[in-house]
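S.K.: Protein sequence lines correspond, in order, to chains A and B. Using the working numbering, you'd call the opening residue of the first sequence number 1 and step up by one each time. Using the working numbering, you'd call the opening residue of the second sequence number 1 and step up by one each time.
In short, the hints are calculated from the structure, not lab data.
Here are the in silico distance ranges between beta carbons for each label pair:
(1) A:V128 / B:N88: 20 to 26 Å
(2) B:K175 / A:T195: 53 to 59 Å
(3) A:L19 / B:T84: 19 to 25 Å
(4) A:I110 / B:R165: 51 to 57 Å
(5) A:R272 / B:R165: 36 to 42 Å
(6) A:R272 / B:V104: 43 to 49 Å
(7) B:T75 / A:F244: 56 to 62 Å
(8) B:T10 / A:L150: 24 to 30 Å
(9) A:D93 / B:R165: 56 to 62 Å
Derived lysine-lysine pairs resembling DSS-like cross-links, with alpha carbons at most 30 Å apart:
(10) B:K8 / A:K216
(11) A:K108 / A:K36
(12) A:K4 / B:K150
Beta carbons: idealized from backbone N, C-alpha and C, even for Gly.
What follows is the residue order along each chain.
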Amino acid sequence: MKSKLLEHLAGIAFVTFALLAALWVITIASGTAQRKQQAGMERFGDLSFIDFNNPFERALLRDVINIYYPGRSDRNDSLYNAIVKYKQKEFADKLQETHVAEGLSLQKIIEILGMYVNFFIIFVLVMVLTYYGVQTMAVFRFAYKKRRALSPASSASRKIQRMVIDFLAGLGTLLLFCPAYVIAYSIRTEFNTDTVVFMVLLGVISNGVLITYANKFYSFLVAESRKGYVDTAIVKNMNAGYRFHSADGIPISSILNPVKKFKGHVFDHIFRNARFQYLSTIKEQASFLITGLIIIEMALNIHGHLNYEMLRQLLYKNYSIVVVMILLIFYTVKMTDIFTDYLIHRENMKYENTNQ
Amino acid sequence: MMKFIRSKDTRWLSIWVLSTLAVWIWDIVFLNKPALHKVFNGFFNTFIIAILVVVFTLILGWMVTVLLHALQSRTNRAPYLAVTFLMNLIRSIPQIVGILFAYVGITLLVAGSVITSKALVFIIMAISMSLFIFLELVDLMRDRIDHFTKLDFYSAMRVCGIPERRVVNFDILWKNSRLHIQNKLIAVLGYAVFLQCSVDFIISVGLSTEVNEVTLPTTLGSLLAKIDSKQDILAIGYTLTHPGYTGHLFFEHLQGMTVAFLIVFSLVSIYHIANGYAERHRL
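Isolated chain B (complex conformation):
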């Protein structure tokens, strides 16, 4: 138990889970039922999408890394250059712009009844987000492959007749880079939550709120953009000049406060978990 708490990553994981539970209990007691339901849905949807982003980032990242490695060793360099060129292009598009346009596209598809299943909306949202995130994982995996191919064990394994795909996929990426990949995926989870909330907030504030409500699932970002949540957040500013009002925040402005807390505290916790994980495994 002490070991569990002493490690920064597990300690922060416990803090995150326990704090979220404490907030839920507080909300069950003091927040009205419809708002509680919305906040629960928003939290659940946000993390389902973020976890899907992690899964798709891993799949895409692994596939592209292996593809690039295979193309790199070919004598014909054109396909390799084409793929790296495309990757650099994706890198040059700010993620928020790419994801925003993807979400607008999804909204139109849902509004036009081309997509009707909620699960499919989740999957498409996650894929479109992972398209702009997976490059970080590719960079990490390629660095690891480059590092290990310079070591003797790579040549030794090749001389022993072990196929290159097994050396790369199993010996380098799975056996020797799994912890690095896991650490990156924890960071990706945090980034996915941040981007998800930001894009949903922007769409809900800037584009038509009614369309968004009908077409896209409720997330913490879209909940924060609702007028009642915004008023709750505005109350924090009022508290800065009227400290006596602080107590009201935790009873009368609970919806906005809960959503803002869940976003910010989740981001901080995931950041500390990723750092702690790297420290524990000396990455």
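Same shape as in the complex, but just chain A:
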């Protein structure tokens, strides 16, 4: 665990250093560009005292140039025009940049941190719900398939019932695979899609996160159920039925319970072993989830959210702000990695009974 923690911390330090270096380069580069732009005006001397919006002061400038360079009216006219044109451009640029150009001030950092806290809370909520959803869906599917294998449909009504269930499951799969923006735009006219609740819901059900990892968990369950210890446990009379309402089966309440326990049933061991394998995929799932949340915030243009703001700042070329936002997202991924490694380490300690 120590070596892993060290590796994570080294990664955090490396990326922080690299991005801060990038921030420094960006600041220097924009300063140089600004100085280059100002250099054009410097050759005319210090004209900051002149109000170029005032026609009298403009006329005064023209007279001064004519007095300074007597008998060269053509050259003086072009010089005067160049100064006025430069000032007009400078004014227009400033006006254009007023709404879009932003620096990294303390106020901006506080604003970004506020958005980040919001993003982090949504991420944790979606992660917890997905963790629950993945296990519940996989266990339900496993139990359902087992039931189906043990009691094949004999009557026509049973066959129709199963076909209907399969059809609904197919429709559900189609929905779960929809990218977030397809779902959101489909219902945007009827529902307010800019709420946090909707974002959390969309994060859980869209982009294929839930179905992909539920399928992974299901394959872990299937692989575990084929192992020898399961047969041994069945021979030793552990409960092995998969009906929802029978004494030796799996009650629905146990499947829906956030802390899943199936006491006295062989499935309890299958589930615990499968969950241990699933822990190692949480890192991957978290990264996929963050990708999904970024897609949701960016694609739906949800104002005031971290990733939409990042896209906006990228468009306005405020790279210093973008760098800070990327750094925060990177820290979130790393925090999840460290937490997952800790969970795996704790589980390992439980089974191996060592102090590695």
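Since the structure of chain A is already known, use the hints to place chain B on it.
M.R.: Chain B alone, transformed into the frame defined by chain A:
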């Protein structure tokens, strides 16, 4: 024929191809020509890029796996640690962020006329996407190598004087892991389609649409972001409260409906093909 249909992967492959063909026929009849042309281009470009991503993922994945295996057995561990450290760093960057920045870079290069060839744009897009996907393949290949190096046949082959590179490349990866790699590559195809569509949608909605149109090839994602497609998708919401409007979706809102269907149905089909392939070969 029955065997072909009974296998989940081939069955879903047929369903995917036939459904896509049915949608094309419907579109040829009912969708106007310019929109049809755009949808066809978008579909074609999306899958060309996704297939290129698969190819580059395979090349990158194989190269890095072999490199890591060679570095791992060295006494000097520093290069191995450096490469794994770099890989973990790439893993820590959410794919969408990495790809988004790569695409913005490509847009700037194209806008600045540094890249002029369309084929080159496709290749660079595919490489930048595979950079954030290939790690999954590396993990799989390394797991396979680790598994086989623990078995007797590895030591036996080494004792027989067979070079390690042949054992790893040919006997482990090609002969004994080909099916696993193929299964992963099918999944990568689906993931590439998803990421491609998402990034293009984000760029088209969030960044300048005009720049995107000029610089990046049309894909299903960028087509969906167009205002006419978005209005078509919004019509689905209207149908939820006005079911009588359903019929109009398949005639008046065909562009958006086709694009959304092609994205979602392709993702579902590829998912089922990958699962079916794994089931058929007991992976």
